[in-house]
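2 protein chains.
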Amino acid sequence: MTTTVAFQGEPGAYSELAAYEYFGAQIATLPCSTFEAVFAAVGEGRATHALLPIENSLAGSIHRNYDLLLESDLRIVGEYHLHVSHCLMAVPGASLEGLRQVHSHPQALAQCQRRLREMGLEAVIAADTAGSARLVQQRGDPTIAALASRRAAAVYGLQILVAGMEDNPANYTRFLTLTRSQENTDWQEDGDYKTSVVFSLHNQPGVLFKALSVFALRDIDLTKIESRPIQGQPWEYMFYIDFVGHVRSQVCQRALDHLGELAPFLRVLGSYPRHHG
Amino acid sequence: MTTTVAFQGEPGAYSELAAYEYFGAQIATLPCSTFEAVFAAVGEGRATHALLPIENSLAGSIHRNYDLLLESDLRIVGEYHLHVSHCLMAVPGASLEGLRQVHSHPQALAQCQRRLREMGLEAVIAADTAGSARLVQQRGDPTIAALASRRAAAVYGLQILVAGMEDNPANYTRFLTLTRSQENTDWQEDGDYKTSVVFSLHNQPGVLFKALSVFALRDIDLTKIESRPIQGQPWEYMFYIDFVGHVRSQVCQRALDHLGELAPFLRVLGSYPRHHG
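As they're listed, the protein sequences go chains U and V.
With the first letter of the first sequence counted as 1, position 63 gets the number 98 in my numbering; the numbers rise by one all the way through.
With the first letter of the second sequence counted as 1, position 152 gets the number 187 in my numbering; the numbers rise by one all the way through.
Please note that a few of the clues may not be correct.
Identical chains blur together in the list; that is why a pair holds if it fits in one copy or across any two.
Said to hold, decoys possible - Cross-link-like lysine to any residue pairs, in silico, SDA-like; alpha carbons within 25 Å at most:
| no. | residue 1 | residue 2 |
| --- | --- | --- |
| 1 | Lys245 | Gly199 |
| 2 | Lys259 | Leu291 |
| 3 | Lys259 | Arg186 |
| 4 | Lys259 | Gly59 |
| 5 | Lys259 | His311 |
Derived from the structure by calculation, the hints contain no laboratory data.
Modelling step: build the complete structure from the supplied sequences, incorporating the hints.
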């Protein structure tokens, strides 16, 4: 069966690049206009996997996707850290000296602010990075450029004038791979895994401390904590925690049993091989 | 000295409404186009206070404002929970039956989705709620309405056709009041206060658990935890914690001294009277 990976954005988006880097070149990809549509594509079987950005090392969490993970019953089966590097691209034959405008997503423009100022280019906001590359191709105007991925340049037949435009090179986006299967990934006792869980807590003094104790007292390392509001219960939260370990290991199972004593709601979103780098 | 309160948005914005509810009717207000401009207005003395939305009970934290709190040296001196209730408003003489379109901020439109669908109105996106009210006034067209605050209707001379348009009435925004003064607010031993702090931690197993222990072991109640990425250090975080108590009380001072043993960076953003409701 072909691996078909749904992602949010247009062909050439960073999410599509991450899909190819994670799964390899032989996959099919399915562009979707919204994150909701990505979940639906996998839920309805039009795609085998979803690739979902969950956090950027400069901009922070993509909070909407935490909410969608909770609403959906897809399971996390992998993670991938993509190094985000913006390329300045224009139609073949264009030159740096002839450029006037650069189109891109506001976040990409912000991340290349210093370089763009030095180059004296006018920034124009677009809905997404790959869409701005498509626009540059369609216009055919050698005075306009796009900031997008190396892959977008290939997809739209554009020429890369400058690679690595970003002011801060430590720019990574963490993606999650999701499937419909309710199976956990294979487990090996000496493997290196992460597990993602979501839970609620009673509004009592010290309750978050107690919840974290189930991990700390078993030397389980947390890599991320995120909270999201519970609709209709002002100032109460769902907590999302990523920790090192697999749900099938005895120590993690005991920690989750212990957490279940404290948490009125608890769900394991998945255990998956940890990506270093 | 007149109290002048800087806020982000146009006259009639929810932030301006919160400013009047918090400070009273005798203040002057200073509309600013961005949150950065709000901080600058207070920093440069053009306003005595800033009123900054930090969290909505449905949409979650306004993360950009956490980053700005860290960058700025303004101090938090108050908090206010505004009940957000959207009114459907149009020019005087307009009728519900004659309406075709409703303009507003995407979040307000989303929060009234069910009612708007029942009423068969086309939703049109605007930059902010108060700006949509101004547009309805300028157009003078009785077929278009805005979703905005009761105050926006008064500011722009519009007629409220339906109040309480939101699908979920448990819609509150928490605002912080900021000033330049580095003084803490008055402290009374039996007073009811909150304190906001921001700190970093070494990336070590169990370190967040240890950090929370400085509060839990002293029975200090946490009301909020938020994390934001540290620029240039992928997957490391600044933690923002709100807890019940005043920095001048001995128990809180000891907790913060203890936290300082663990945290390479620690700053108190302010202690202030707690707002219930």
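Status of each hint after checking the structure:
1. Proximity of Lys245 and Gly199 under a CA criterion of 25 Å is satisfied in neither setting, with 44 Å inside one chain copy and 39 Å between copies.
2. Taking the shortest Cα distances, Lys259 and Leu291 sit within 25 Å of each other both inside one copy (16 Å) and across copies (23 Å).
3. Taking the closest pair of Cα atoms, Lys259 and Arg186 never come within 25 Å of each other, the shortest separation being 30 Å inside a single copy and 41 Å across copies.
4. Taking identical chains as interchangeable, the C-alpha atoms of Lys259 and Gly59 are never at most 25 Å apart, the minima being 27 Å within one chain and 41 Å between chains.
5. Proximity of Lys259 to His311 under the C-alpha cut-off of 25 Å is restricted to the intra-copy arrangement: shortest distance 15 Å within a copy versus 30 Å between copies.
Checked against the numbered hints above, the structure violates hints 1, 3, 4; every other hint is satisfied.
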